[in-house]
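Student: In case you want the letters, here they are:
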Amino acid sequence: MAIVSKTSNLVKYGRPILAWSIGLLFFFPIFWMVLTSFKTDADAVKPEHLIWFTPTLDNYFNMTENYDYWRFAKNSVITAIFATIFTLFVGIPAAYAMAFNPSRSTKDILMWMLSTKMLPAAAVLYPMIYLSKGLGLYDTKFLIVTVVSLINLPIAIWMLFTYFKEIPKDIIEAGKMDGVNTFGEIKEILVPLAWGGIASTALLIFIFCWNEAYWTVRLTTIDAATLSKLIEGNRAPEGLFFGRLSAVSTAAVGPIVVLGWFCQKQLVKGLTFGAVK
Amino acid sequence: MFKMSNRRLPRLLQTPAVILLLIWMLVPLGMTLYFSFIRYVLNNLRRPEWTSPSIENWRGWGNYQFVFNNKDFFLAIQNSLFIVGSILVLTVVFGIFIAVLINKTFRGQGVVRVLLISPFFVMPAVNAVLWINMILDPVLGLQGLAISGVNNFIEGLRTVPVLGPFFSLWPEFEPISFRSTQSSAYAVIMMVTWQWTPFAVLIFMTSLQSEDQQQKEAAVLDGASNWSQFRFLTLPHLGRPISIVVMIQAIFHLSLYAEIEIVSRGNGNKNLPYLIGEFANNNIGAASATGIFAVILANIVAIFLLRLIGKTLME
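These protein sequence lines are chains S and A, in that order.
Residue numbers for the first sequence follow the numbering used here, so the first one is 1 and each next one is one higher.
Residue numbers for the second sequence follow the numbering used here, so the first one is 1001 and each next one is one higher.
Chain S on its own, in the form it takes in the complex (with noise of 0.2 Å):
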C-alpha cells in the first residue's frame, strides 16, 4: 500500500513539473529573443550580461532608423488583410457550393485542390518570376497578394467546407422556400450561421499570409517587400547586431504569436478538416 501512494505521489508531481519543464524549453527561444531585444547589441554577446544587463528600448527606437521597419511592416499588413480578404472572397462561394449542393466530382476536386498545395514552389520559380517581370507586376503588392491568396485558397476551402458541412442543409433550404436567391442565401444565411468558422479561417489564413516566406521573398525587392524580406534580409548579423535584429524579429513574430494563442482550438479543427476531433 505503502508503495502505491509513493508512485502515485511521483505521478501527482512528476507529471506538471514534466510539463511545465517541457513548456518552458519549448518557449524558451521565443523568450530568449524577446530578453536579447532589450539588451545593446555590446551586452547581447557578453557571457557576463546573459541574465543580468540593463534594460534599454533603444532597439525599438531605433527599429526605423536601422532597419526601415515601418514600410515592411506595412507591406506585410496590407498583403496579410487582401490576401485574406480575396481568399474567402472565392473561397466562401466555392466551400457553398460544394458542401450544400455536392456532385459526384466534388470529392475529386477537393483532392485535387489540396494537391495543388503539394507542387512544390521552387519548380515554377523561374515560371514566375519571367511572367511578373513580362506583365510588369514584379515587386508589386497586387502580384504579392494574389499568389499568397492561390497559395492559401486550398486550405480555406476544405477549412470552410467543413464548417459548412456541420450547417444542417434544410436551414438553407428554407431561405430558398422563403424565395431568397443564392447570393442571399450565402449572405443572409450562411455566413451569419457560420461566422465562427469563417471567423477561424480567416485568422488561420491571416497567419499564414504574414509569415508566407517563399514567394514574398523571392517576388519583391523594394515595393512589396514583406518582414519576411526583411529578416532574410538580415539572416547572418555575425553577432553584431543580435540586439536590433531581436528587436524586429520580435515585432514581426509578436502580434502574430498572440493572435495565434487565441485561435489555437480552431486550428486544430482547420488544419485536420475536420477529421480529427
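Honestly, the hints are just simulated from the structure, not real lab data.
Remember, predicted model here, so these are calculated numbers, not experimental data.
Ideal placement from N, C-alpha and C gives every residue a C-beta, glycine not left out.
For lysine to aspartate or glutamate, the following DMTMM-like pairs were computed, each having C-alpha atoms within a straight-line distance of at most 25 Å:
#, chain 1, residue 1, chain 2, residue 2
1, S, K46, A, E1172
2, S, K176, S, E188
3, S, K12, A, E1217
4, S, K133, A, E1278
5, S, K265, A, D1212
6, S, K12, A, D1212
Computed beta-carbon distance windows for the label pairs:
#, chain 1, residue 1, chain 2, residue 2, range
7, S, P55, A, N1152, 23 to 29 Å
8, A, K1071, S, K12, 54 to 60 Å
9, S, E188, A, V1041, 53 to 59 Å
Following the hints, complete the assembly by docking chain A onto the known chain S.
Tutor: Quick look at chain A alone, frame taken from chain S:
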C-alpha cells in the same frame, strides 16, 4: 427544369476557385516543362541566343541528363528525404509523448498549452535567424557561450592542487559549427522540429480528449499496466491523427526553403528546392528539369499519402 437551374447556379459558384487554381497550377508548370526541354540561360556572352526562351534552342533530354550527372542532384534528393523523414519521426514521437503527458489536468495546464503552441506561429525566417545566430552560433550563441563556460570551468579545475593533473587529461569541448557543414541539416531539423512539435501536440491532444474513458477504466480494472494501456488503447486511437500530422507536414516540409537558405546559404546540405534556386541563378533549363523532378517526387509522396488517408478525410 426549374429544379435544374436552381442547382446550376450554386454549383457554378465553385468555378472561380477552380479556374484560378487551375491557372495557378497549369500555366507555370507548363512553362517549367517547356523550359526544361530547351537551352535557356540568363547570361551567356558567346551564345546570346540562349538567353531568351525559344523553341529553336530545343535540347531534348539534355537538361535532364545534365541534372542527372550533377553530383548535387542525388545528394539533394537524399537530403530532402532525410530532412523531411527526420522531422516527421521526431515531431510525431515528441508530439505523442507531450500530448499524453499534458492530457491530464494539472495546475497551470492552460498556461503550459499556450507556452507549447507558441513556436508554431513564429515566422519561418525568424525561426531560422533566431536559432542559427542566438542559439547555435559556435562562438556568440548560447551553444558557444555554454561550451566556453564549461571549458573555462575545467581550466579552473586544473589549477586545483592534487586533483588538477586529473583534469588536465580532460579534452576541451569543441562547439559544433552548424552553418556550413554537414551539420547544417541537423540545425534545420532541430528548428523545424521545434516549430512543428507543438502542432502535433495540439492535434494529438484534441484526439486524446475523445478517447473512450470507459474502455480505459475497464483495462485498469483488468490490471493492465500503463504501458499496455498506451500501447493497445491510446496508440491505435491516435492512428488517424498521426496520418494527418504526417500528411500536412510532408506538404509543408518538402518545399522547405527559408531555413536552408538562412542556415547555410547553400554551403551545407541542400535540399531539392534549394538546388533549383541555385540553378535558377543562371541555368533556367537545368532549374526547370530539376523542378520537374521535384514535382514528380512530391506527387509520389502525395499519392502515397492521399491514398493512405483520403478515405478518412471524406468519411
